[in-house]
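J.: Residue numbers (our numbering), protein chains in the order written: chain A, 1 to 213; chain B, 1 to 282.
Since the hints were made in silico from the structure, they are not lab data. Mixed in with the good hints, there may be bad ones.
[Unchecked claim] If we take Cβ atoms under 8 Å as the criterion, some of the chain A residues that face chain B in the derived model are:
hint, residue
1, SER15
2, ASN54
3, TRP64
4, TYR67
5, TYR73
6, GLY141
7, GLU143
8, GLU212
[What the hints assert, rightly or not] Each pair of labels, with its calculated beta carbon distance range:
hint, chain 1, residue 1, chain 2, residue 2, range
9, B, VAL85, A, LYS144, 17 to 25 Å
10, A, VAL190, B, ASP67, 41 to 49 Å
11, A, ASN54, B, SER60, 57 to 65 Å
12, A, VAL100, B, VAL85, 40 to 48 Å
13, B, VAL85, A, ALA198, 48 to 56 Å
14, A, VAL100, B, LYS95, 28 to 36 Å
Ideal Cβ placement from N, Cα and C applies to all residues, glycine included.
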Amino acid sequence: MKGLLLKDFYVTIRSYKIILITDVLFIAASIFFNDITDFIMLVVACSTANIPINLLSDDEKSRWDRYSGALPYTKAQIVSSKYLIGLFSQLTMYVIIVSVNLIKGLITHEMQFEKYAVLAVLFFVGMLISAVDLPVSFRLGVEKGRTYGIILRLIIVLPFTVLYIATWDNEIISHFIEKLGNFGIIAAVVLVGAGIYALSWALSIALYKKREN
Amino acid sequence: MTQNAIEVKNLSKKFKGFELSDISFNLPSGCIMGLVGENGAGKSTTIKLILGMLNKDGGSVKIFGNDNSQNLELIKQEVGVVTDVIGIPKCLTLKEIDMVMRGTFENWNSEKFYSLSEKFSLPEKKRFGTFSRGMEMKLGIAVALSHNAKLLILDEPTSGLDPVVRDEVVDMLIDFTRDENCSILISSHIISDLEKLCDYIAFLHKGKLILCEEKDVLLSRYGIVRCTVEQLKTIDESAIKYKKETPYGVEAMVCREKVGAGINISSISIEELFVFTVKGEK
Numbered sequence: 001m002k003g004l005l006l007k008d009f010y011v012t013i014r015s016y017k018i019i020l021i022t023d024v025l026f027i028a029a030s031i032f033f034n035d036i037t038d039f040i041m042l043v044v045a046c047s048t049a050n051i052p053i054n055l056l057s058d059d060e061k062s063r064w065d066r067y068s069g070a071l072p073y074t075k076a077q078i079v080s081s082k083y084l085i086g087l088f089s090q091l092t093m094y095v096i097i098v099s100v101n102l103i104k105g106l107i108t109h110e111m112q113f114e115k116y117a118v119l120a121v122l123f124f125v126g127m128l129i130s131a132v133d134l135p136v137s138f139r140l141g142v143e144k145g146r147t148y149g150i151i152l153r154l155i156i157v158l159p160f161t162v163l164y165i166a167t168w169d170n171e172i173i174s175h176f177i178e179k180l181g182n183f184g185i186i187a188a189v190v191l192v193g194a195g196i197y198a199l200s201w202a203l204s205i206a207l208y209k210k211r212e213n
Numbered sequence: 001m002t003q004n005a006i007e008v009k010n011l012s013k014k015f016k017g018f019e020l021s022d023i024s025f026n027l028p029s030g031c032i033m034g035l036v037g038e039n040g041a042g043k044s045t046t047i048k049l050i051l052g053m054l055n056k057d058g059g060s061v062k063i064f065g066n067d068n069s070q071n072l073e074l075i076k077q078e079v080g081v082v083t084d085v086i087g088i089p090k091c092l093t094l095k096e097i098d099m100v101m102r103g104t105f106e107n108w109n110s111e112k113f114y115s116l117s118e119k120f121s122l123p124e125k126k127r128f129g130t131f132s133r134g135m136e137m138k139l140g141i142a143v144a145l146s147h148n149a150k151l152l153i154l155d156e157p158t159s160g161l162d163p164v165v166r167d168e169v170v171d172m173l174i175d176f177t178r179d180e181n182c183s184i185l186i187s188s189h190i191i192s193d194l195e196k197l198c199d200y201i202a203f204l205h206k207g208k209l210i211l212c213e214e215k216d217v218l219l220s221r222y223g224i225v226r227c228t229v230e231q232l233k234t235i236d237e238s239a240i241k242y243k244k245e246t247p248y249g250v251e252a253m254v255c256r257e258k259v260g261a262g263i264n265i266s267s268i269s270i271e272e273l274f275v276f277t278v279k280g281e282k
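Chain A on its own, in the form it takes in the complex (with noise of 0.2 Å):
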């Protein structure tokens, strides 16, 4: 398992380095344009979240997904890099936005807490994309994944669109969000996404064991 983590670590900073020096810079960013945080957050989330399938997809190009099998892993402990990469990414980008932003209030003197829990909820985004598209990959690989993967995310966004569009003015789920507060909210999107994570990463093992290399 360390072998494999280390694998993965070595091939995102030679690779993949732009997109963590994106993120980085997108982060800098926020420190001065205070009004589209959110948005920049929202990038910073996504493009992390597409590295466990950009090192699927060059696991494929370089025949390691076939070789690896050759080596003393398990069909879950290949998986299990891709998803524990995954996770460590994101919270590393989300602890870095965190510390930044608090670094920032701290010299303004204007620490805004509601806006770690709208971070979280934008983290949450970025753990669903991995967690929908981590499991089509793994059973189909990442060209027909990606494919089926829009679809997917189509298909579980449009009722959520829906919900929010219908709920809008909803007076019982605003009561319901402020009645939770900021911490509530991190703590229920923690929650749901950690929930949702786990059950992806258990499907993506189950897939993988019934795919032939």
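Add chain B to chain A, keeping to what the hints say.
T.: The following block gives chain B in isolation, referenced to the frame of chain A:
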């Protein structure tokens, strides 16, 4: 009692348009077995089934006496594998590959890896993606030999290599089996390499194992008779495994013990044996 490194029993796998059926063979510890077959005969499928990279439809595979459907990752700690494509990420250098493999194999020996890399003249600072085909295969072999493996499974390891490198690789593999606990299963369609290397030969043809025997037994059992059609008629038909008419007479693969005295029998090479056996099957 000598343990078998590999025991394959009634192994089968069905694909669309191809079926590997009822393959059975044993590879005794300390021996080298060559899997010979034309392209698409089922060599790589057999190897993948042994390594659990494909799910078998039937039969069983045991490695060092353990069923490969249980705890295969533990068994693979003692197995070195070289496939025709070395799937190491192209951006990695030797040092990083060493680190990755150190985290992969419990008995990884960095010293041995670097010494083999030096022996193979592999560049330490260049990325794997810049390696030539020969260098890639050498690296694959270096990885397979650097974790005290007791069994090497090699799928076309010498294809695409020049004769000098091929010879080096063959010598290295012979060195590996000096330890009587170490065994090799190697597939190749470069039969001359296998002839130098192997103790046992298994012929695969269209997904079926048509022959599996000790190499020396095969070479002593069969021979080639080159004679006229009339002379061939004097040989018992059951002795003739395959015959081919040429403008100069007849060439036939025969079972030596069934041919009477007075007939000149030439020795047969593994390549001729394979070609004649396959043609005889048709």
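J.: Decide, hint by hint, whether the structure agrees.
T.: So, going through the hints one by one against the coordinates:
1. SER15: Hint on A/SER15: holds, closest Cβ of chain B at ~6 Å, below 8 Å.
2. ASN54: Result: violated, 12 Å to nearest chain B Cβ.
3. TRP64: Hint holds; A/TRP64 Cβ to chain B Cβ min 4 Å, cut 8 Å.
4. TYR67: Check passed: Cβ of A/TYR67 comes within 3 Å of chain B, closer than 8 Å.
5. TYR73: With a minimum Cβ separation of about 6 Å from chain B (threshold 8 Å), the hint on A/TYR73 holds.
6. GLY141: violated (15 Å)
7. GLU143: violated (17 Å)
8. GLU212: holds (5 Å)
9. B/VAL85 x A/LYS144: 17 to 25 Å: holds (21 Å)
10. A/VAL190 x B/ASP67: 41 to 49 Å: The hinted range 41 to 49 Å holds for A/VAL190 and B/ASP67, with Cβ atoms some 42 Å apart.
11. A/ASN54 x B/SER60: 57 to 65 Å: Violated - the Cβ-Cβ distance for A/ASN54 and B/SER60, about 39 Å, lies outside 57 to 65 Å.
12. A/VAL100 x B/VAL85: 40 to 48 Å: holds (44 Å)
13. B/VAL85 x A/ALA198: 48 to 56 Å: violated (34 Å)
14. A/VAL100 x B/LYS95: 28 to 36 Å: Hint holds: Cβ distance 33 Å, inside 28 to 36 Å.
Checked against the numbered hints above, the structure breaks hints 2, 6, 7, 11 and 13 and satisfies the rest.
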